[in-house]
Amino acid sequence: MLSVESIKKIDHELTKYPSDQKQSAVMSALAIAQDEKGWLATETMDFVARYLGMPPIAVYEVATFYNMYNLQPLGKCKITICTNLPCALSGANEAVAHIQKKLGIGFNETSADGKFTLKEGECMGACGDAPVLLVNNKRMCSFMSDDMIDQLLEELSK
Amino acid sequence: MINFEIDGKPVSVPKNGTVMDGANQLGIYIPHFCYHKKLSIAANCRMCLVQVEKAPKPLPACATPAMEGMKVSTHSGQAVTAQKGVMEFLLINHPLDCPICDQGGECQLQDLAVGYGASSSRYTEAKRVVANKNLGPLISTDMTRCIHCTRCVRFGQEIAGIMELGMAGRGEHAEILSFVGSTVDSELSGNMIDLCPVGALVSKPFRYSARTWELSRRKSVSPHCGLGANLVVQVKQNRVMRVLPRENEAINECWLSDKDRFSYEGLNSEERLRKPMIRRGGHWQECDWQTALEFAANGLKAAKEKYGAQSIGALGSPHSTLEELYLLQKIARGLGSGNVDHRLRQSDFRADRSQGIPWLGMSIAEVSRLKSALIIGSTLRKDHPLLAQRLRQSVKQGAQLNLINPVDDDLFTTIANRAIVAPAAMAAILAQVLKAAAESTGKQIPADVKNALAAISVSDTARAIAASLINNKPAAIFLGNLAQHHPQYTNIHMLAQQLAQITDARFGILGEAANSVGAYIAGAIPGNDGSAEPVGTQSAQPGMQSLNASQMLGMSAGGIADAGAEPCRAYILMNLEPELDSYDPRQAVKTLEAAELVVMITAYKSHAILQGGYADVLLPGAPFTETSGTFINIEGRVQSFNGVVAPLGETRPAWKILRVLGNLLEIDGFDYETPEQVRAEILPGSSDVSARLNNHLGGFSLDDVGPQGEPMGSGIQRIGEVPIYQADPIVRRAESLQRTRDAAAPVAWMPGDLMGRLGIQAGDSVRLRQGEGELQLPAARDDKLPANCVRLASAHPLTATLGGMFGEIVVEKL
Ligand code: SF4
Ligand code: FES
Ligand code: FES
Chain A
1 MLSVESIKKI DHELTKYPSD QKQSAVMSAL AIAQDEKGWL ATETMDFVAR YLGMPPIAVY
61 EVATFYNMYN LQPLGKCKIT ICTNLPCALS GANEAVAHIQ KKLGIGFNET SADGKFTLKE
121 GECMGACGDA PVLLVNNKRM CSFMSDDMID QLLEELSK
Chain B
1001 MINFEIDGKP VSVPKNGTVM DGANQLGIYI PHFCYHKKLS IAANCRMCLV QVEKAPKPLP
1061 ACATPAMEGM KVSTHSGQAV TAQKGVMEFL LINHPLDCPI CDQGGECQLQ DLAVGYGASS
1121 SRYTEAKRVV ANKNLGPLIS TDMTRCIHCT RCVRFGQEIA GIMELGMAGR GEHAEILSFV
1181 GSTVDSELSG NMIDLCPVGA LVSKPFRYSA RTWELSRRKS VSPHCGLGAN LVVQVKQNRV
1241 MRVLPRENEA INECWLSDKD RFSYEGLNSE ERLRKPMIRR GGHWQECDWQ TALEFAANGL
1301 KAAKEKYGAQ SIGALGSPHS TLEELYLLQK IARGLGSGNV DHRLRQSDFR ADRSQGIPWL
1361 GMSIAEVSRL KSALIIGSTL RKDHPLLAQR LRQSVKQGAQ LNLINPVDDD LFTTIANRAI
1421 VAPAAMAAIL AQVLKAAAES TGKQIPADVK NALAAISVSD TARAIAASLI NNKPAAIFLG
1481 NLAQHHPQYT NIHMLAQQLA QITDARFGIL GEAANSVGAY IAGAIPGNDG SAEPVGTQSA
1541 QPGMQSLNAS QMLGMSAGGI ADAGAEPCRA YILMNLEPEL DSYDPRQAVK TLEAAELVVM
1601 ITAYKSHAIL QGGYADVLLP GAPFTETSGT FINIEGRVQS FNGVVAPLGE TRPAWKILRV
1661 LGNLLEIDGF DYETPEQVRA EILPGSSDVS ARLNNHLGGF SLDDVGPQGE PMGSGIQRIG
1721 EVPIYQADPI VRRAESLQRT RDAAAPVAWM PGDLMGRLGI QAGDSVRLRQ GEGELQLPAA
1781 RDDKLPANCV RLASAHPLTA TLGGMFGEIV VEKL
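So the protein sequences, as listed, match chains A and B.
Under this note's numbering, the residue at position 124 of the first sequence is numbered 124, and the numbers go up by one with no gaps.
Under this note's numbering, the residue at position 446 of the second sequence is numbered 1446, and the numbers go up by one with no gaps.
One chain only, chain B, in its complex shape:
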C-alpha cells in the first residue's frame, strides 16, 4: 500500500494506484472526462489536472501514480487555474448548442462548464464543424460536440471486444468515426451513449422525444436474458421513454446490453392488446373483462367436465414473473391437472425425473474470476451478452475459453480451443473430452456413462479442452441455450456433469430467460401431486401422467411430432406466442388448433394470433413495466420490482387476471390483495433460494452418445438457434433493434461443400422442408459451419411454418 495525502487527508492505495483512485476513496471529486473506472487510462482530456507538491507543473490525477508521501491539492490556486484553462480550450470548438442537445441536463461538459468555465468566451475565430456519421439505428451522432476523450473507442476495444469506432486524423482534423461507411453493430453498443460525456453520441430511438429533467426515474429489472440486469426506467406522462443501467457490480456492473436498453420500444408497440377479445363465429370482438373472464372460466370448467382435469394444460413463458407463474400453476393444479410448464423450447425432457432446479452453479461475479471455461451450445455474446463480457475480461486476465458449438460466430475474444460440430455430434465430442479428462487425471469414468464411452476415440481438440479444464483453476463448464434446446439435452447434461466432476470444475446451466430459475421455484413444471407446493423436490417424483411443454404441444420425448401422444383439450398460454416460442412451431400451432379452448394472457395481439385460428380469448396482461413482480436470475438472486407506469388501456397485471380466474373457477386460496402476499406464499420467510438450486442429474445412464464425427449420407441437419432480437415478445417489437444487423431476416446458411453438392450458389432461393412444413429462402455461404448442416434461425415469423429447431431438414435447389 502507498500512503499519501490529498487535500490534507491521508489515504492509501494499492501499488500502481493513481491519485484519482485515492481521491475516489476519499470522496474528493476531481473533474474529469476521459477517465472511467472500467476503462483503461487515456489521460487525453487534461481536465483532471491537480497540483502535486514539488512537481513543477500540474499533473493529471487519472494518470499520475500515487507515491509514498506525495502531497496533492485538488483545489489549490494552481490546480483550479489549470482546470479552468483546460475548460477554456475544450469550449473553443464546442458548439454550445445545449438548448437543442439531448444530452442537456445530464452532460458532464455542461456541468463542469458551470463550475470551471468562464461566463463568456475570449475566442472569436471560426469554430470547426465535423460531419455526422451514420452509426446504425441505435446511436445518433453530433460529432461537432465531441471532445475526443476516446471513451467510446476504448469501450469498443476493451469491453465490447471489437473496435468499431476510432479516432482518425490529428490535431484540428481529429474526428471519431467508424471505418469507411460501417455501422456500429456490437450488441453492447448502447453503452457508448452512456459513456460519451457530451452529446456527441446520443440514443437514436430517444432522440428529441423528451428533456431529461422531465423524466421520472424508476427502478426495474430486465425481463430478457437470464441475468436480470438492473434498470432505471425513465417515464414521462405514463409512457416509458428510455431505459438506462442501474449500477449493480454483482450483475450488470454499469453496463446494459442493447436488448435490455432498447427493448422498451416494444412496450409502446401498435400491436399492444388494449381490451379483452373473444373469437365468436370466427370473428374477433372486443369485450369487457367480465365477459372474457367468464368465457375463459366456463370453457375451462366445461373441458374438465367433458375430458377430465388432465385435459387442461398451462404454459407460461419464463419471461413471466414469479407471481404470475405461481398463480398459473396454482390454477392448473387447483383444477386437478399437473400439466404445467415453462420450458417451451426444450425438447428433451428425459432428465425431468431426476433433476433439481438448474442454475449458473456460481455467482455471476465469480464468472469474471474463472481461469478456464467450456461453453457448450451457445453463441454467448448473443444469448447472454453481459456474461460474455465478463468472460472476455477474464480471458484478458489469462483465462482460457473453450467452445463446443455448431456455429462459429466471432465471440470477440480469444478462444483457446473450439470444436465446431453438427448438433448430432455434440454429445460425442463431449464424450471425447470426458474420456480425455479421465485418461489424463487417471480417474474412473462413472459406470452410468462408461459403456457409451468405450468406442469413442479421442481427438486432439478434445484433449486440449480437457487439459485446459484440468490445468487452470477455477474452471467451469456451462450449458448454453442451444444445449438446453437440443434433442439430446439429457445426454449432453450427463456428460458435462461427469466432465465437471472429473476435472473438478464448476458446472452451470445458463437459463435462457430472466425467470428461468424462478419458474422452477414457482412450480411451473409438470407434476401431478395436485398441491401447489412450489418446491424443486416436487420434480423428483412427478406423477406419470403429467405432460411437459413438449407433450402439451404435441411432440413426443425426442422432440418429434407424435400423433400417438394425447395433448390437452384446453390451454392457458401466458406471455408467449406459440408460433415463435416453441421448439416445433408447426406442430405447436397444429395442436393448439385442434384444442377446444385456448385462453391467452398476452400483452400483444399479433397478426399471427388474430389470423391463426387457435386462440379463443385474449386477456390483455401487463408487461413487466406495468406490474409488480419478481424475477429470480440464473445465480438464484431474487429481485422484486414495481410497475413503473399504469397499465395501458384496459390491460391488467397478469397476477390479478389469474386471481380473478381462480375465483371464478372456485379454487381455494385465491384471495390475494397484493402481489406481496403471493410472493410471501412462494417464498415464505427468507428469499434465499440457494438451497433449492442443483444441477445434479442422478439415476440416469447413457448407452449411446450418438454419431461420432460428421453424419454420413444426405441427411442434412438444421441448426435452429434463436436470434438475439427474436427471443421474447417484447424485443420482437422493438423497432430500432429490428433494424440492426443482428435482426436481419433469416437465410439458409450452408457450408460451401454442401452448396456445391446441391448445386446451389449463394443468393439462390432454396426450398427448405421439415415434415409437412416448407418455405423458400435465399441461401448464403458460411464455411465455418459443420458439414451437412443448414443454419436456419428459429423463433422468426419467416421460419415459423417449419418444424423443430434441430433435426433433419431437406434442402432443394429451385
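Same shape as in the complex, but just chain A:
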C-alpha cells in the first residue's frame, strides 16, 4: 500500500495516457513507489500491478529490466558509478577503488552503518564529465576526483 501522496502522483502520471492504456504509467509509478519505500518489495510491485490493472509479472519484467529500480533494501544513499569505456578511460576505475577503500565495501554491498550502497552503472550520457556518479538515481555528480569524492561522502554522511 502506498501513501496518499504517492497515489496522487501516480494518478497525475495516469492523466498523461489514454484511460485504457494505464500500463503506460508503469515506469513512473514504480519510481514514485520506490521514492516512498526506498526499494521495491514484492508487495509494492503487486500493489502497482493491481493499481494499473497489469499482471504482476509484467510489472516485474519492467522492474528487473532497469537497474535504477532497487529490488533489495539498500543503504540510505545509493551511489551508482559509471564504469563504461569512456569513463573507464578517464579515471572511473580509480574513483571506484577510492570509494571502495573509503567505505570498505564492494559493488552491490552496503556499508556497516547502513548509510551507503555502491552500484556499478552504465553510461549516463555524460562521458565528457567523467568520472560520473549518481546519488539515489537523482543527483548527478561530475568530474569525481578523489577530493570531490571525499567531500561528497562527508556531506552525505551527515
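Don't take each hint at face value.
Claimed, not checked - Now the in silico label distances, taken between C-beta atoms and shown as ranges:
(1) A:157 / B:1410: 43 to 53 Å
(2) A:115 / B:1741: 40 to 50 Å
(3) B:1410 / A:128: 45 to 55 Å
None of these hints come from the bench; they were simulated from the model.
Please read these numbers as outputs of a predicted model, since none were measured by experiment.
Each residue gets a CB set at the ideal place from its N, CA and C atoms; glycine is no exception.
Let chain A serve as the given structure and place chain B with the ligands on it in line with the hints.
Just chain B with the ligands now, with coordinates in the frame of chain A:
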C-alpha cells in the same frame, strides 16, 4: 495483394503479410524459433534472417512486411552466413545436454543445429546457468536451455488470456520466470510445453519416462469436454506415455486443454479394474468373464420375470462411445424397457417431450467469428477450455461477451456485461433480457412466455445485454453445463430460445461431454416404443412410463428426492460412478442400494464402489484408448477412432461386453463382428447427422420465471458446479492434474455478508446439510457470489454425501 518473389518463385500475400507468410505459402522452409503462426511476432531470435535485394543487411523474414516486387533469397550466401552466425550465438549459452534432455529428438534447436551449427564451438568461456523454477505439477523446467524466444510468454498473454510467465532482467541476466513464487495455473498451460522450441519447458508427468523416438504415435479423440479435441496418443510397450494435440483447425486448432493432455495418467491408475468381480455374501471376489456375464444376464432376466421389463434401467455416461451407448439402449429395449438415459446430472426433464437433439447450433469454428455472445450458466474456461479460448480471440477482434451465471470466476477476457445472480434468479434475469430485447426491437413476446414476463421489471444490465445481442452480429446465446444441470433448465431453455428469436441470434447448447450429442443419436434417452430406432424423433413421442436418469435414480421432476416415484429394480451402469456423476449423489446411491441388481461396466474399481454396497457385479470395460469407437461432438461432427493399446488385464471393450450380454439375454440382432457393423447400424449411409440436430423447444409454456432478484429469508442456495478435474472417471484419477490449484479440495465459499450473518469467519469449519446428508468443511469468502448462496463443488468425494447440486442448503456455525 502484394506480389513478390522468394528464391525466384512468385508469390502473393495479403496486405500486411510478411516474407514468412509468403514462404509458408510456397512451402519454402525458413529456419525459425520465435515465430509461431498463432502468436504475435516478436522477432527476437533472429534465426529467420534472409537476404532481400537492395537491403543493406539480412532481414528477419517473420517481421519483414512483404513489398511489391521484393526479391528474397532464403538460401543465398548472405542468408546462410547470417543464419549460421545466429545459430553460433544461440549455442554459446546453451548447455548442449541433449543426451539427458527430454526434448531430444523433437527439439527445434537440435534439428536446426544440425543444419546450421558448426561441428565444434569457438566459445571457450564459462556458460551461464539459470536456476530452475517450480511452475507447478505439470511443467518441468530446465531454464539454462532457454533461448528467450518468449513464445511461452506470448502464449500466456494472447491465448490463455493471463500472463503467468515473463522475462525478467536483460542481456545476460534475462530469464523466464513466474512472478515471485507463483505457479502456472492456466487450464491451457500444457501448450507452453509444445511451444517451447527447446527443452526448457517439458512435461512433468512424462519426464524421463521415455525417449520420443521410442514412442509410436496413434490418432485418437479426447473423451472429455464436448469439443472432441483431436489427439496423438504416444505409446510405448502397450502403455500410454503421453498425449499431444493433433492439429485440426476446425476443432482444437493446434492446442489442447490440460484436461485433454494430462488425463492419460488416469488410464494407468492403480484403481483400474483388471478382472470381472462379483459380490457374494457381502464380499467381492474376482471371477472369470463367463461367470460374471452369466450372473449379470441371469439377474436381469430374473428381475424382468419378477417385476416386469419396466423394472430394468440402463444408464450410460455421455463420455461413452456411440457404439457402447447404442448397444446399451438396445439391450434395455430388447428386454422391453424404455428406461435408458445418459443425462446423469440433469434434473429438469420437463422439456423431454418436445426436444430434438441439442447441439452447439453452429460449427465450432464459427464461434471465433461471433461479434456478441451471451453465456448462460457456465464458467466456460473450466467447462470447455478451448471454446473459451476461441471466444477470447473473438473478444480481441471486438466481440462482446455477456454472462449470466451464479459465480464470477475470472474468464481472462473482457466481459461486456455480467449478471451474477443466485441460481434461482437466473430465469428471472433472462426474462428481463428478453423483455428488454422485445421493447427495443418492437417485436412481440411470444404467447407461451408472455404471462410470465408481465410482472418483470427490466434492469440496466439486462438492457445492456439485450442491446449487445441486437447491435452486434453475428450474435449467439449459449446454455452451459450449469444451465443444463439447473432445476429450472426448461424455463431457462425456453427463455433463451425466445431471446435468440427476438434478437436474431444463434442458439446453442454446450453439451458437457465428448459424446453428449452422440448419446442422443445412439438413442440413449428414455422412450418406450421398444424399437432400437435411434433417431431424435423418438423423443418426440416417448412412452409415458419410461423413466429418465433422474427418475431412475430416485428423484422426481424437480430434481427433488421423491419417495413416491418407483425407481428400477435392476440397473446396468456404464462408465459412471453414481456417487460422483449424478445430480443428487446421496439419493442416487440410496436408490441403487435398494435395487436388487446393479451391473456396472466400468474401467475402475474405486473404494466407493467396493465399499458402497450397491454394485453386484463389475465388468471391466475399456477406456477410450483400449477400444475403437465414435464420438459425436457438440457441432455434430462424427469422429471415429481406434484403440491405441491393448486392453489392460482382462478388460474388454464395452461394445464386446454388451454384445455377449445381448446374446446371453437372447435378444435378436447382437451378432456384430466388428464395431464398424454397430456404427453402420447407427449411422446407415452417411455420417452426416446435422439434419437431426435441433435446439428448438416447442409446445411448452411458461407461467412463472421464479423469484426476481435475491431470495429473501434464511433460505440459502447451493451452487454446486462440477470442478474441471472431477468431471469424469478418467480425469479424476490423473494424479498430476489432481495436484493443480484447480483440483483443490472443495470448501464452502460464501459472500461476506452471509458469513457475517451466520457469525462465520473464513477458515472456520461449518456444518452443511441437505436433507439427511451433512458434512463439515472449512468456509471461505468470495464477495463476488450472489447473496445467500454457498458455492460448494459437486462431483467430489468430499461432497458426495450431500444432496442435489442446487437447491436449499443449511449452513451452521460449529
Ligand atoms: S522457456 Fe522455451 S518458450 Fe519460453 S522463452 Fe525460453 S525457449 Fe522460449
Ligand atoms: S561512459 Fe560513463 S557516462 Fe558515458
Ligand atoms: S523467427 Fe524471425 S526472429 Fe525469430
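Here's how the hints hold up against the structure:
1. A:157 / B:1410: 43 to 53 Å: 51 Å, holds
2. A:115 / B:1741: 40 to 50 Å: Holds - the Cβ-Cβ distance for residue 115 (chain A) and residue 1741 (chain B), about 44 Å, lies within 40 to 50 Å.
3. B:1410 / A:128: 45 to 55 Å: With a Cβ separation near 53 Å, residue 1410 (chain B) and residue 128 (chain A) satisfy 45 to 55 Å, so the hint holds.
Checked against the numbered hints above, the structure violates none of them.
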